Amino acid sequence: MPGLKDIQRRIKSVKNTQQITKAMKMVAAAKLRRAQENIEAARPYAEKMAELVSSLASMSSPESHPLLASTGGPRTGLLVVTSDRGLCGGFNTYLIRKAENFMSEKGSDNVSLSLTGKRGLDYFKRRNVQIIDSKPATSVTPSYESARETALKLIGLFLGEELDEVHIIYSRFESALTQTPVVQRLLPLAPEAGEREESGAEEGESTEVLYEPSVDQVLQNLLPKYIEVQIYRALLESAASEHGARMTAMDSASRNASDMIGSLTLRYNRLRQAAITSELMEIISGSEALKD
Amino acid sequence: MADNFLLEIITPSRKLLSLEAEELTAPGELGEFGILPGHMHFFSLLRAGEVSYKSGAERGRIAISTGYAEVGPDKTILLVDSAMTEAEIDTGEAREAITEAEAKMKGHEEDDPAYKAAADDIEYAEARITLKEGPSK
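Residue numbers (our numbering), protein chains in the order written: chain A, 190 to 481; chain B, 3 to 139.
One or more hints might be untrue.
Reference excerpt, derived from the structure (chain B facing chain A, CB under 8 Å, subset only) [stated by the list, open to error]:
1. T27
2. G36
3. L38
4. P39
5. M42
6. H43
7. F45
8. S46
9. L47
10. K77
11. I79
In short, the hints are calculated from the structure, not lab data.
Quantities reported herein were computed from a predicted structural model and do not represent experimental measurements.
Ideal Cβ positions, reconstructed from N, Cα and C, are used throughout, including at glycine.
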């Protein structure tokens, strides 16, 4: 049975925790807003790029560029984008679970990982998996440079025929409340069969395009760039998702803390009242005894 | 035929420009090219350099790094890694970028992609300086 002092101490400590979670929620909200602005700013570029690549890729045969061709082998590179810091609810857990599922589907011997974010590294380094490289996720504004480095590395491995496929797992930002972990294939770049037909039909109507210096050179330049942009976008989405997840987690933590403070205060008051009552009883019964 | 076309300059971090322009000059991989409304479909790699456009009475100049240009009869879109208007350029910072890139170039072989990237950086930085201060003598 905890005494009055103990309960008082607990109330104080929960109040402190609540202050921290409230502050963290506020910070996450501010960072989320910035991350969201970043995504919105990057979106036109990424979308335009995707448009260009799909129209180019549908025009040229898979053999025309090594990044388009599928080798059909099983060796898979997987880029997992997690966060550096915890206290963001199930954010990293979901991503890691998704990665685990993906690995067991492909056969974990065939998969090597490239990790962005310390949380993913902490988890996978203790397990028996091949890790190509890892780097921290720069959480508020991921730099284009870091996306480019990762892209160059993965493209190098793919062209060096050390990997047959490259996929990326990241958390797509839907809203502050929902973030969905998604798997996306980066390489080879061959468009899905359905897409190819669609864009082919559109292409029939439009006029011929003049490429300068040449289609091949344009492809050579554009495709690696496209991978960079895709990774950059994934980093941005992941950053926004992380802050969204943290905001929600911290919000419910603050609410739990205030519930707890409520029930502890109630217990404290009851206990105090009980103590007062029993003291009174003693005094009264003492004076009653003296009367007789 | 329409007498202007939509000009957009987009970088990964923002949409720098979106307006109706009448004329555009941009540095293509095979040399500078000019675009007027009604241009045929055209796609070009862009070198780092200077883009200039005319929109009504307004004439604008923008320094761009490497990228792509997609041209259609009523629309031209420049997708570039980075771009700056005259007001945004800091020549001191551009000079530093040149020194930095030159140091990088020394560390790489000429056929290394990093060498090319550093050379592009220098070109971009030089374009920024030229735009801000006028052509160097």
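Hey, does the F45(B) contact hint survive, CB to chain A under 8 Å?
Because about 5 Å separates F45(B) from the closest Cβ in chain A, which is inside the 8 Å limit, the hint holds.
Checklist entry - Does G36(B) pass the interface check with chain A, least Cβ-Cβ distance below 8 Å? => result Cβ of G36(B) sits 13 Å from chain A, so the hint is violated.
Exercise. Against chain A, run the beta carbon of I79(B) and see if the smallest gap drops under 8 Å.
Key: Holds, about 6 Å.
Please check whether S46(B) passes as an interface residue: C-beta within 8 Å of a C-beta belonging to chain A.
Holds: closest Cβ of chain A sits about 4 Å from S46(B), inside 8 Å.
### Query
Per the CB criterion, is P39(B) less than 8 Å away from chain A?
violated (16 Å)
Practice item. For the hint on L38(B), just tell me whether its beta-carbon gets within less than 8 Å of chain A. Key: violated (15 Å)
Problem - Agreement of hint K77(B) with chain A interface, Cβ distance less than 8 Å - result: With a closest approach of 11 Å, the K77(B) hint is violated.
Check: Does H43(B) pass the interface hint, meaning its C-beta sits closer than 8 Å to a C-beta of chain A?
Finding: Nearest chain A Cβ about 4 Å off; hint holds.
Original post:
Close enough to count: is the Cβ of M42(B) nearer than 8 Å to one in chain A?
Top reply: Status holds, d = 6 Å.
query = Taking 8 Å as the limit, does the beta-carbon of L47(B) come near enough to a beta-carbon in chain A?
reply = Hint on L47(B): holds, closest Cβ of chain A at ~6 Å, below 8 Å.
Cut-off 8 Å, beta-carbon criterion: hint that T27(B) touches chain A: violated (15 Å)
Hint check: violations occur at hints 1, 2, 3, 4 and 10; the rest are consistent with the structure.
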